[in-house]
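As they're listed, the protein sequences go chains W and U. Residues in the first sequence are numbered from 3 upward in steps of one, following our numbering. Residues in the second sequence are numbered from 106 upward in steps of one, following our numbering.
Among these hints, one or two may not hold up.
[To be verified] SDA-like, lysine to any residue: derived pairs with alpha carbons at most 20 Å apart:
#, chain 1, residue 1, chain 2, residue 2
1, W, 209, U, 226
2, U, 305, W, 184
3, W, 172, U, 228
4, W, 174, U, 168
5, W, 209, U, 300
6, W, 209, U, 274
7, W, 172, U, 275
8, U, 199, W, 201
[Claimed, not checked] The following label-pair restraints were derived from C-beta to C-beta distances:
#, chain 1, residue 1, chain 2, residue 2, range
9, U, 313, W, 30, 21 to 27 Å
10, U, 237, W, 57, 34 to 40 Å
11, U, 306, W, 218, 30 to 36 Å
12, W, 188, U, 317, 33 to 39 Å
13, W, 66, U, 313, 41 to 47 Å
14, W, 204, U, 302, 20 to 26 Å
15, W, 30, U, 150, 42 to 48 Å
16, U, 199, W, 98, 32 to 38 Å
17, U, 231, W, 200, 23 to 29 Å
Derived by calculation from the structure, the hints in this document are not laboratory data. We treat Cβ as the ideally placed atom computed from N, Cα and C, and that holds for glycine.
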Amino acid sequence: MNVSCNDRERIFLDGSPEEWAALEQHAASCAACAGELRAWKSLSTAAEELRDYREDPQLWMRIENSLRENEQAHPLRRGLSERLRIWRDMPLGWRTALAGALVLALTISGVYVVRHQNTPDTGQSRLLKNSVLAEVERTERDYMKAIDKLAADAKPELDSPANPLLASYKEKLIVLDGAIDELRTEAERNPSNAHLRYELLAMYQEKQQTLQEVLETKR
Amino acid sequence: MGTVGLTLQWEHRISSVAGERGPRVQPSEIAAGQNRENTALPDDAALAAGCQAGDLRAYERLYQLQGARMRNLARHLLGSQTDAEDAVQDSFLKIQRGIGSFRGQSTFVTWAFRILVNTCHDLRRSRLRRKEHRQDDSNETLPRMEPRAPGAHPSLRMALERALAELTHHQRDVFLLYEVEGFRHAEIATMLAISETASKNTLFQAKRNLRGMLEPPRSAEAGGR
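Next up, chain U with everything else stripped away, as it sits in the complex:
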């Protein structure tokens, strides 16, 4: 796994902020952060019932509540804003077509995100297949993030995005769902059809790999002193 260009000076770029945020970063479900509790919305059942009744306002409400998060996740999974928007649109169509099969085994939002993740995987695979046929350079197959509105810390964001592209798809999915989108391991397990333990293990591996890619090389560190 390559680490070229991914290095970040932990001490200078991140850790000064990290100390102030505290519990958000603990992998424990309980202490894991504020947005991790938002996924089971109080009107989740009402939203599902509305969609089952074919009420377009319910779909609009779903978009208002989760659309931005769905788009963000899809963009990171696919590496392109255009593809992400297509994936979100496809997912809404699949939700409408498959709403009859939703029986409340999970929350409606979790079910919707499961569809989105599968749609993104299908899109990515079909895109890769097209590229294989065109015999493109294999480097082209890695997700390349498109430019985005200026964020709080562009260099940190870019380094993390590049490091994420080096992870396995599975590790990237779990990291994005847990750390970025704030889902709980139980929800991720449902979305990815894995066990909660597998979700925790995958997150651990993902973070370990990311750490390895983002930390400065030991020799450079020593040389700097």
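Next up, chain W with everything else stripped away, as it sits in the complex:
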């Protein structure tokens, strides 16, 4: 593989092992690339100096005490974890059988309820599902509009952050917007995935809270 000086930055960014080897080879006969390569590598070597992995048993004792206190304060949480563990530790065959039995019981109950109710047609439930989804999307749009208003209020502070705190908020918002965009793309592909909607909602709430904090700083 042949590389030239023009490939250097791209390889620094995301080069494959073969490209790195080719760059090393090229640097042997190119002083400029040799200098750049050496300086680039030196940063990683220097980073190793920042490792301080000394043991600290005292800290573990502090953590252990706080974990015990927390456990005593919330015993219910552990109970739930243990019940979930019983389910996880169960052999796959048993889990499948139990899940199948549950599905069967729910189907029978469902059929019974449907037969004993005078519902006009089955299309209604499908329509209901669609209308619920539409409502979720409408509410989401309203929520986004409200957050956009908050963002507009906070924009002057974020455009030219006057202090490190505002700069930190600005960075956080950039990261949040990126995550929101990714989640929205996913949600558009799979609109009825409730988990994605919850994740998206959590991101919106985080963004809202961050914007509120920016506005509080302004005051």
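With chain W's structure known, arrange chain U on it following the hints.
Relative to chain W, chain U alone:
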């Protein structure tokens, strides 16, 4: 971005060592270094299961395996040993409280570090907010590293720590996680809720900025000859 006091003579201080270490420094995931493979521990799932069962020995094992690394990362993110210890303690509490929501989308260790990074950000923000209220000098807001046990190369370490403080928080996070703690871009992406490409780009920018801050000024270099 200021560069005062950050300059290092590359040729004299670092490069003589760098040439011997070779592949550790390549940004490629494959050739990136030995400790980058250690993050997905074979007993990661067992550790998660133990913590989910509320077994304190599992938390102790997590501390034995990752505690020092967590403390090191927190210290660099917060600039203080005391704050770092508080952050690690808070993170363990959050892990215990949130263990029910861990569903194995990432490794348990990656999930734990994601909590730590968020805890450090929250601590840093609340600390900044307190300082804003007290109307302290803005210079005080930059992380100031506390003295540490003598290292192999204190001047190099100090110069890098000062240069790191000049980076954006995002660049500092990615640089520390990748270059110092040895995480892979995929893991960093999970921890910081960004894409792998964004992680690679941010590392590239961070290293470029650090290089600019640490290399000797061209005029001085020329004058020295």
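Hint check:
1. Among the hinted pairs, residue 209 (chain W) with residue 226 (chain U) is consistent with the structure: their alpha-carbon atoms are about 15 Å apart, no more than 20 Å.
2. With a C-alpha separation of about 18 Å, the suggested pairing of residue 305 (chain U) with residue 184 (chain W) holds against the 20 Å cut-off.
3. With a CA separation close to 17 Å, the supplied pair residue 172 (chain W) and residue 228 (chain U) stays within the 20 Å bound.
4. Straight-line distance between C-alpha atoms of residue 174 (chain W) and residue 168 (chain U) comes to about 28 Å, which puts the hinted pair past the 20 Å bound.
5. Only pairs whose Cα atoms come within 20 Å are accepted, and residue 209 (chain W) paired with residue 300 (chain U) is accepted, the gap being roughly 19 Å.
6. Distance check on the hinted pair: residue 209 (chain W) and residue 274 (chain U) sit about 18 Å apart at the alpha-carbon level, within 20 Å; holds.
7. Restraint check for residue 172 (chain W) and residue 275 (chain U): the C-alpha separation of about 11 Å stays at or below 20 Å, so the hint holds.
8. Proposed proximity of residue 199 (chain U) and residue 201 (chain W) is supported: the alpha carbons are some 19 Å apart, at most 20 Å.
9. The hinted range of 21 to 27 Å is satisfied by residue 313 (chain U) and residue 30 (chain W), whose Cβ atoms lie roughly 24 Å apart.
10. Checking the proposed 34 to 40 Å range against residue 237 (chain U) and residue 57 (chain W) shows it holds: the Cβ atoms sit about 36 Å from each other.
11. About 32 Å separates the C-beta atoms of residue 306 (chain U) and residue 218 (chain W), a value consistent with the hinted range of 30 to 36 Å.
12. For the hinted restraint 33 to 39 Å between residue 188 (chain W) and residue 317 (chain U), the CB-CB distance of approximately 37 Å keeps it satisfied.
13. For residue 66 (chain W) paired with residue 313 (chain U), a C-beta distance near 43 Å keeps the hint of 41 to 47 Å intact.
14. The hinted window of 20 to 26 Å between residue 204 (chain W) and residue 302 (chain U) holds, with their beta carbons roughly 23 Å apart.
15. Distance hint for residue 30 (chain W) and residue 150 (chain U): a CB-CB separation of about 46 Å, consistent with the stated range 42 to 48 Å.
16. A beta carbon spacing of about 34 Å between residue 199 (chain U) and residue 98 (chain W) agrees with the range 32 to 38 Å that was offered as a hint.
17. A hinted range of 23 to 29 Å for the beta carbons of residue 231 (chain U) and residue 200 (chain W) is consistent with their spacing of about 26 Å.
Of the numbered hints listed earlier, the single one contradicted by the structure is hint 4.
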